[in-house]
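Undergrad: Required output: the full structure, derived from the provided sequences and hints.
Heads up: the sequence lines are chains A and B, in that order. Going by my numbering, the first residue of the first sequence is number 47, and it counts up by one from there. Going by my numbering, the first residue of the second sequence is number 47, and it counts up by one from there.
Any given hint could be a false lead.
As the list claims (entries may be wrong) - Covered stretches of chain A, as calculated for chain B (at least 3 residues, CB under 8 angstroms): (1) 79 to 89; (2) 98 to 107; (3) 126 to 135.
FYI, nobody ran anything at the bench for these hints, they're computed from the structure. Predicted model only: the values in this text are computed from it and were never measured. Ideal Cβ positions, reconstructed from N, Cα and C, are used throughout, including at glycine.
There are 2 protein chains.
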Amino acid sequence: MTPPFTYDGRHLLADLYGCPVLDDLALVEDALRAAAVAAGASVIGVHLHHFGPGHGVTGIALLAESHISIHTWPEHGYAAIDIFLCGERHDPAAALAVLDDRLAPDCIRVTMVLRGGEIDSDMDIDSRVD
Amino acid sequence: MTPPFTYDGRHLLADLYGCPVLDDLALVEDALRAAAVAAGASVIGVHLHHFGPGHGVTGIALLAESHISIHTWPEHGYAAIDIFLCGERHDPAAALAVLDDRLAPDCIRVTMVLRGGEIDSDMDIDSRVD
Numbered sequence: 047m048t049p050p051f052t053y054d055g056r057h058l059l060a061d062l063y064g065c066p067v068l069d070d071l072a073l074v075e076d077a078l079r080a081a082a083v084a085a086g087a088s089v090i091g092v093h094l095h096h097f098g099p100g101h102g103v104t105g106i107a108l109l110a111e112s113h114i115s116i117h118t119w120p121e122h123g124y125a126a127i128d129i130f131l132c133g134e135r136h137d138p139a140a141a142l143a144v145l146d147d148r149l150a151p152d153c154i155r156v157t158m159v160l161r162g163g164e165i166d167s168d169m170d171i172d173s174r175v176d
Numbered sequence: 047m048t049p050p051f052t053y054d055g056r057h058l059l060a061d062l063y064g065c066p067v068l069d070d071l072a073l074v075e076d077a078l079r080a081a082a083v084a085a086g087a088s089v090i091g092v093h094l095h096h097f098g099p100g101h102g103v104t105g106i107a108l109l110a111e112s113h114i115s116i117h118t119w120p121e122h123g124y125a126a127i128d129i130f131l132c133g134e135r136h137d138p139a140a141a142l143a144v145l146d147d148r149l150a151p152d153c154i155r156v157t158m159v160l161r162g163g164e165i166d167s168d169m170d171i172d173s174r175v176d
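TA: See below:
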C-alpha cells in the first residue's frame, strides 16, 4: 500500500467554440506565453506545429508547474485547451482569461479536475486499469 | 450563436501512484513513444525536460491526434498523465495500458472527459468564463 500523498494539482480543460482565427501560429504562441505569465508560471519551452495554411495548430507550453496545451480546428472555430498547474500560487483561471481574450470564442465549456489527491485502500482495487 | 459542432475527442487523465522509477528520462521517453504507437497515433514530436538527478521529468508527445503528456514526482512515486486523442480509431486506454506497464504504479486513478461535444444555447450563457 502506497502511503497517502496529496498533490495540489488543478487541471482545467476548456472547449472554446466560435473562435474567429485559429490558423495563426504566431497568435497561438503569443497567447500561450501570455497565459503562462498570467498564471504566474515559468515557461520551460513552447513547442508548436502548424498543419498547413488554413489548417489547425497544435502546441504546448511546458512549464515548471506542468503545462498549457492547445489544439485548434479553424474550420470549426473550435479550440481544445488544457491548463495543468500545481500550487496555490498558480491560477488556471487567469491563464484561461488570457486565452479567452486572445482567441475570442463565442462560448467556453470548462471542466476542472483535481489531480493527485489522497488515495485510499479502496482505490487500489477500484481504479486499476488492467 | 455558433452552429452545433460535435468533435469526438476523448481526454483521459490518469494519476499514477507508487511508481518505482520516475527520474529516468529515457524510460519516460520510451514509454511516451510506445504509448502513442499503442494508441495508433502519429507522433509529431516528443519534448522532454529533466529537472535534475533524482528529480522529476516533464514531457509531451505532440500527436497528429492531439497529445500525451507526463509530469513525474519521483520523491512521491507519483506521475500525472493525460492522453488526449480524437477519433474512434485511436484508443486512450491502449496508451494508458502501456504507461501502466512501463511505469509500474501500485494504483491508478482515471478520469475521462469527452471534449468538444455539441453545444446549445444554454451553454452560451452558463459556461462563459468572463
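Undergrad: None of the hints should be skipped; say for each whether it holds.
TA: Comparing the hints with the structure gives:
no.	hint	result
1	79 to 89	violated (count 0)
2	98 to 107	holds (count 3)
3	126 to 135	holds (count 3)
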